[in-house]
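**Q** So the chains spell out like this:
Number of protein chains: 2
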Amino acid sequence: MSKPLILVTNDDGIVSKGIRILVDIMAKFGEVLVVAPDSPQSGMGHAITVGNTLRLYKTKVFNGIESYQCSGTPVDCVKLAKHHILTDRTPDLLVSGINHGTNTSISIVYSGTMAAALEGAIDDIPAIGFSLCDYAADADFSHTLKYVESITRQVLEKGLPTGIALNVNMPAIHKGPIKGVKVCRQAHARWKEAFDERVDPYGGKYFWMAGDFHYLDNGEDNDVWAIKNNYITIVPTQADMTAHKVILELKDKLE
Amino acid sequence: MSKPLILVTNDDGIVSKGIRILVDIMAKFGEVLVVAPDSPQSGMGHAITVGNTLRLYKTKVFNGIESYQCSGTPVDCVKLAKHHILTDRTPDLLVSGINHGTNTSISIVYSGTMAAALEGAIDDIPAIGFSLCDYAADADFSHTLKYVESITRQVLEKGLPTGIALNVNMPAIHKGPIKGVKVCRQAHARWKEAFDERVDPYGGKYFWMAGDFHYLDNGEDNDVWAIKNNYITIVPTQADMTAHKVILELKDKLE
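Chains as they are written, first to last, in the working numbering: chain A, 1 to 255; chain B, 1 to 255.
Don't read these hints as lab results, they were simulated from the structure. Keep in mind that the hints are not guaranteed to be accurate.
Heads up, the list lumps identical chains together, so a pair's fine if it works in one copy or across two of them.
[Stated by the list, open to error] Dumping the calculated EDC-like pairs for lysine to aspartate or glutamate here, alpha-carbon to alpha-carbon at most 16 angstroms:
#1 LYS3 to GLU31
#2 LYS192 to ASP123
#3 LYS251 to ASP221
#4 LYS146 to ASP24
#5 LYS146 to GLU255
#6 LYS17 to ASP138
#7 LYS28 to GLU157
#8 LYS228 to ASP217
#9 LYS179 to GLU220
Same shape as in the complex, but just chain A:
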């Protein structure tokens, strides 16, 4: 059997620590192709570059591994990999990350890491986004390696339901021993922004977006609860955003 082809991307940029660790793990499983942003792209969600041009350069960031840096978003990287670099092959797996920071709950809609994974799932490529709940550029990933490896092995062996991308979040190392893995749903929560207003050297006002996470869930079957309790969380996600259960109600009101 030929080795699986694994496409690796991220949103922190091609020289971040998290993607280097992910590439090293994936190289144990198959042939690796890296296409990742040339600069940090956090918070880019599912953005694509349609009103502007894209650059794509071959790099030698990873020893012995075919890799490209792209001027665009994480989703641009996946699209270039699928439809430009790989003309006659489809990846057997897409992995994104390891993100420096949490992508649980509502953060999935803002996450470039998870948008890249979903862009694989849209093309029926099994896909996993990995995130560590630690924003530090030099974060310690050592406790997560065996979990990234075992989740990857199981997905390669058993596959995933069509159109599904896994959103995997992993507790920071200082939280102590990991209790296990929980497959769960996205918690109900939202961010409430507090814009930090400043004045530039020319007297003009500008803002930094900042804010707090507001947890609005009572359940214990969600990713925020499980991360707080030191589990690794796996939320199966999909690009179908239809609220199917309100269609009939709205037919009565709006048709």
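Once you have looked at the hints, place chain B on chain A.
**A** Just chain B now, with coordinates in the frame of chain A:
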């Protein structure tokens, strides 16, 4: 009863024709606040500006209506409106658009118009994204006005289920008479990109993203089918991306 407060945004930019039409309609229903991007933001999905600064300026684009232009994405605009401009009020309705171009099916994940609407729904604000299936900057919206008005009236009167944003798409005028309104689901489809490779004046390669829409659905209860058959489509959407129906299956495989 006091007039409802209606927040208006878009992704084509504050001087586009579509937002001007939308503002005129909303002014019939209530007090209007406009916060919209200062430049086109198509394809920005749910991107937010976290690694860079934001600018926000009061404008006089709309006669007698409080309005601001923002340097960021459509979602940035909604966040600034919710948490900076409106400190003691919550909008009764958020409308986004009218987009110059189609946002049916999978296009919702790339759409700045719909991301802005969903950003309202995340905060439990009833929200509607309106899109015209015509990309022209001078598109003719005249046939859609009565539908935008009637859908808005019904949502203001009857409300929406909590956390739901409506994705409304409307056929281009040259398609002929509109047959009615259909509440339906997002069609199963994907974009397949064909990157247009060019060479800049300095000999460097660059790319434009282009591509084709691949329709993969057999049903007649979806938005692509209904638009083709000249209905106005309403897809209720939500920010919960969990694939709930595969959680149990994946617990067996991955826990």
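**Q** If a hint holds in the structure, say so; if it doesn't, say that too.
**A** Hints versus structure:
1. LYS3 to GLU31: Result: close within a single copy only, 6 angstroms intra versus 61 angstroms inter.
2. LYS192 to ASP123: between (33 angstroms within a copy, 9 angstroms between copies)
3. LYS251 to ASP221: Between copies only: 12 angstroms across chains, 31 angstroms inside a chain, cut-off 16 angstroms.
4. LYS146 to ASP24: Within one copy only: 12 angstroms inside, 58 angstroms across.
5. LYS146 to GLU255: between (53 angstroms within a copy, 14 angstroms between copies)
6. LYS17 to ASP138: Answer is within; shortest intra-copy Cα gap is 7 angstroms, inter-copy 48 angstroms.
7. LYS28 to GLU157: within (14 angstroms within a copy, 59 angstroms between copies)
8. LYS228 to ASP217: within (13 angstroms within a copy, 40 angstroms between copies)
9. LYS179 to GLU220: For LYS179 and GLU220, the Cα distance is within 16 angstroms only inside one copy (15 angstroms; across copies 47 angstroms).
Consistency note: the structure conflicts with none of the earlier hints.
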